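Chain order of the listed sequences is G, Z and V.
Counting in our numbering, the first sequence runs from 69 upward without gaps.
Counting in our numbering, the second sequence runs from 11 upward without gaps.
Counting in our numbering, the third sequence runs from 3 upward without gaps.
In case anyone wonders, no lab produced these hints; they're calculated from the structure.
No experiment lies behind these values; they were computed from the predicted model shown.
Some clues are possibly wrong.
[As the list claims (entries may be wrong)] When the alpha-carbon atoms are kept at most 27 Å apart in a straight line, the in silico BS3-like pairs for lysine-lysine are as follows:
| id | chain 1 | residue 1 | chain 2 | residue 2 |
| --- | --- | --- | --- | --- |
| 1 | Z | Lys-101 | V | Lys-19 |
| 2 | V | Lys-5 | G | Lys-180 |
| 3 | V | Lys-198 | G | Lys-224 |
| 4 | V | Lys-10 | G | Lys-249 |
| 5 | G | Lys-248 | G | Lys-98 |
| 6 | Z | Lys-103 | V | Lys-198 |
| 7 | V | Lys-5 | G | Lys-249 |
| 8 | G | Lys-179 | V | Lys-5 |
| 9 | G | Lys-222 | V | Lys-19 |
| 10 | V | Lys-10 | G | Lys-248 |
| 11 | V | Lys-198 | G | Lys-174 |
| 12 | G | Lys-179 | V | Lys-19 |
| 13 | Z | Lys-101 | G | Lys-154 |
| 14 | G | Lys-248 | V | Lys-5 |
| 15 | G | Lys-156 | Z | Lys-275 |
| 16 | V | Lys-198 | G | Lys-156 |
| 17 | V | Lys-19 | G | Lys-174 |
| 18 | G | Lys-238 | V | Lys-19 |
| 19 | G | Lys-133 | G | Lys-281 |
| 20 | V | Lys-198 | G | Lys-222 |
| 21 | Z | Lys-103 | G | Lys-154 |
| 22 | G | Lys-222 | V | Lys-329 |
| 23 | V | Lys-10 | G | Lys-224 |
| 24 | V | Lys-329 | Z | Lys-103 |
| 25 | G | Lys-222 | V | Lys-10 |
| 26 | G | Lys-142 | V | Lys-198 |
| 27 | G | Lys-179 | V | Lys-198 |
| 28 | G | Lys-156 | Z | Lys-101 |
| 29 | G | Lys-139 | V | Lys-198 |
| 30 | G | Lys-249 | G | Lys-156 |
| 31 | G | Lys-180 | V | Lys-198 |
| 32 | G | Lys-180 | V | Lys-10 |
| 33 | G | Lys-174 | V | Lys-329 |
| 34 | V | Lys-329 | G | Lys-179 |
[Said to hold, decoys possible] Chain Z is nowhere near these chain V residues, computed Cβ spacing over 10 Å in every case:
| id | residue |
| --- | --- |
| 35 | Thr-17 |
| 36 | Leu-32 |
| 37 | Arg-121 |
| 38 | Tyr-126 |
| 39 | Ser-152 |
| 40 | Gly-161 |
Idealized CB from N, CA, C, for every residue including glycine.
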Amino acid sequence: MKILTVENLSRAFGGIKANEDISFEVEKGKVLGVIGPNGAGKSTLFDLITGYTKPDNGKILFENKNIFGLKPDKISGLGVGRTFQKLKPFADQTLLENVMIGAFVKENNIKKARNDALEIIEFVDLIEKRHHFARELSTGQRKRLEMARAMAIKPKLLLMDEVTGGVDQKTIPGLVELIKKMRNLGVTIITIEHNINIIMEISDSILALDQGKKIAFGSPKEIQNNKKVIDAYLGTVDDA
Amino acid sequence: MTSEIILQAIVTGLMMGLIYALIAAGLSLIFGLMDIVNFAHGEHLMLSMFSSFWLWSLFGIDPIFSIPITILLMALCGIVTHYFLIRYILKAKMLIQICATFGLSIFIRSIAQLLWTPDFRNVDKPLLEGRLEVASVFIGQPQLIASIVCLAAFIGLYLFVTRTETGLALQATAQDRHAAEILGIPSNKMFAIGWAIGLGCVGVAGGMMSNYFFIFTDVGINFALFAFVAVALGGFGSIIGCLYAGIIIGLVESLGGLLIDPSFKLLYVFAIYLLVVIYRPQGLFGRY
Amino acid sequence: MNKLDIAKSEPLWNTNKNIIYIISFVLMFLIALPLFGLNSFYLHLFIMIFMHAVMAQSWNVIAGFSGQISLGHGAFFGIGAYSSSFFFVQYGISPWVSIFIGMFFSAIVAVLIGIPMLRLSGHYFAIATLLIGISFQVVFQRWELVGAASGLWVPLTQGDSWSSLQFHSSKAPYYYIFLFFLVISFFAVWLLNRSKIGFRLRAVRDDAQAASSLSISVSNYKIIAFVISAMIMAPMGSLFGQYILIIDPDRMFNIEISIIVLLITVLGGIGNIWGPLIGAAILIPISEYSRIYLGGTGGAVDLIFYGLILMIICIFRPEGLISFVPKDILERKKQR
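Turn these sequences into a full structure, and let the hints steer you where they fit.
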């Protein structure tokens, strides 16, 4: 069953086409990896789906409901969670409070929301840090905070922007495990990822973008052997 | 209503507008440089008018000749402001930055009231006096000279910022202070220079206005409000935008006062601010 | 028990029991105070502290809890004062009822101002509120219906009257009325802070974009904050009008009101519920005493202190004086 269908989605900033005619689908319960070199339009795509940037034209169906042009709070209210590439924790509040604000989407009772939040914090393995202010946490911990906060709204679809970006090597395996754990809970995930090995490991299908256009869409195997992708993206990684 | 009266209002508005433009340019320069709005701008203007007044009253120096001294004093005042206050709040939250310069404005104004009482003063018989009549429009000589001097100062400021090495260094710091530091431009020094020049502009305007304006401790408030409006209209941080914005404000003020109701002059200008920031937050003229 | 169960068994709030004792004690002391025969100067001093604490709390809601820096918040004070007095003077409606009319009007004005202001943030917002605050004064100075520059004069009653909220023989009733409103307002804000709305307001303050990824409508919550804040401010205007019995634009829409609420809150500690009380308890006596002892020079001496204190706080203690209070008086020790 399709949970998200994107058709001919486009957005230009001035003369620059950040996203052009992008179409793809996501199956319920699967992980879609989005890859592409810098400036390929990955984050723009996320902003279009979650309502942070208004699309110029195209179609976005979430659970067969048109969410094209809706405001971010409406879209997240339907069950689309997201994390941000440039982390946006509520810095002057504790980890627990951060996650509670997410939990309030589904739970009005404060005590129940607190307990829901604690369970999610336990799930992301930060229970001991629950009373720390977000600004006191390390980058890796703040990534987990964002994932926990997004999980707290009990999303059906979760968009994660570069979970493993900007953290040190030791931290990465734990974050990857966490993504897998989330997938095992049945959450549909779209994730932007720079590390090609990780994306191959966790994704059921992969969308490759380059200069705002879709250059390939398919299983990790197909993508790995796709000439265009190798030219645009994989090649440059090998060089580096 | 005759066309002469309207013409008179336009001329008056234009002359006032050039003064607003220079005051706003000082504010805009500081804002563009360090993202801090100087809420004490009006009080700095008041200080410059008093500087001009006391130089006349104590030493008998006519305002027109004391301009360089006033500029220097104000530049010094800017440097002092930077070193004793602004330097400490550069990294603070915006609320704290607003409160700090707000606090400075209260402080300067109330000290001035304590020292000089809230009385109205004026410079008696300055060299610049009288008025000209051109095509049945009366033009006050001091007003005319003041607006010409302000326009000249404005052009000088614009050339300085866009053509000189220091000016370009200021622009570089405004765009990215860290990148500028890597290039060897010390941002702290640039900020101090920015404050010196910003308040220097105010010095020119205040000094020229002391020829014909009443001088009292609250005189700066409305000018500062208009400067905020001008800076928003011209685009925050844009200097040339201030020129157009200042002129627009001067015209709206005088024509609005003439055509609608003079007691609501302030409100016409405020209304422009609200319309512009709500519907065109980048200002009417964009950045730079 | 595993860590999760331990965490779940923690009390929801980490308020220290001590603070409840301190509050009860202070409150009882304040209730008993006039019984010791305070003279009218001290009663006035306390009334001013109570009033300003509430006004500052109103500002704290908008600036501290929702992050919108309003520099024209005095407008709601004036609207409260004018709307309640107008209905009293014109139609003889009891001030007790007209206080609610004042709250209602200021809530309406808050929505009307708030909606166009939603698109503004940061400096734009601050300057816009400053201009709007001044505009109110300009308009009321010239609005004939409400007495223009001379304002409204509340008709005096013969002797004290609870129904008309006028007391000529003693200030003590005013003292209790203001104290009552102080307690109610602080309790309301305390409840707000612990409610879902409070959490969401803080989310909007800290990061609006992240908040909207959690199904929080940033615009709605900004308006809510504005309305709540206005409704806390308005009764103070109404009561102050009944206290001095003259409602004129220079007093009720004075820009100084907007300044002082900011100053008190920043001094005490912005974003902290006790900040406004601490700030008012320190600043108002300074202001009243300096007016008495140094006031002969145009009444600006207290403002010198204000300006100086504000700058010093911004430089050295942006968290306000509350940050000097040891954390464990306010909060239980957390397991960290």
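Consistency of the hints with the structure:
no., hint, result
1, Lys-101/Z - Lys-19/V, "37 Å, violated"
2, Lys-5/V - Lys-180/G, "17 Å, holds"
3, Lys-198/V - Lys-224/G, "23 Å, holds"
4, Lys-10/V - Lys-249/G, "22 Å, holds"
5, Lys-248/G - Lys-98/G, "11 Å, holds"
6, Lys-103/Z - Lys-198/V, "26 Å, holds"
7, Lys-5/V - Lys-249/G, "20 Å, holds"
8, Lys-179/G - Lys-5/V, "17 Å, holds"
9, Lys-222/G - Lys-19/V, "35 Å, violated"
10, Lys-10/V - Lys-248/G, "26 Å, holds"
11, Lys-198/V - Lys-174/G, "12 Å, holds"
12, Lys-179/G - Lys-19/V, "20 Å, holds"
13, Lys-101/Z - Lys-154/G, "20 Å, holds"
14, Lys-248/G - Lys-5/V, "23 Å, holds"
15, Lys-156/G - Lys-275/Z, "44 Å, violated"
16, Lys-198/V - Lys-156/G, "20 Å, holds"
17, Lys-19/V - Lys-174/G, "31 Å, violated"
18, Lys-238/G - Lys-19/V, "43 Å, violated"
19, Lys-133/G - Lys-281/G, "25 Å, holds"
20, Lys-198/V - Lys-222/G, "17 Å, holds"
21, Lys-103/Z - Lys-154/G, "19 Å, holds"
22, Lys-222/G - Lys-329/V, "35 Å, violated"
23, Lys-10/V - Lys-224/G, "26 Å, holds"
24, Lys-329/V - Lys-103/Z, "22 Å, holds"
25, Lys-222/G - Lys-10/V, "19 Å, holds"
26, Lys-142/G - Lys-198/V, "18 Å, holds"
27, Lys-179/G - Lys-198/V, "11 Å, holds"
28, Lys-156/G - Lys-101/Z, "19 Å, holds"
29, Lys-139/G - Lys-198/V, "21 Å, holds"
30, Lys-249/G - Lys-156/G, "23 Å, holds"
31, Lys-180/G - Lys-198/V, "12 Å, holds"
32, Lys-180/G - Lys-10/V, "10 Å, holds"
33, Lys-174/G - Lys-329/V, "33 Å, violated"
34, Lys-329/V - Lys-179/G, "24 Å, holds"
35, Thr-17, "26 Å, holds"
36, Leu-32, "29 Å, holds"
37, Arg-121, "5 Å, violated"
38, Tyr-126, "5 Å, violated"
39, Ser-152, "15 Å, holds"
40, Gly-161, "39 Å, holds"
Violated hints for the displayed structure, listed by number in ascending order: 1, 9, 15, 17, 18, 22, 33, 37, 38.
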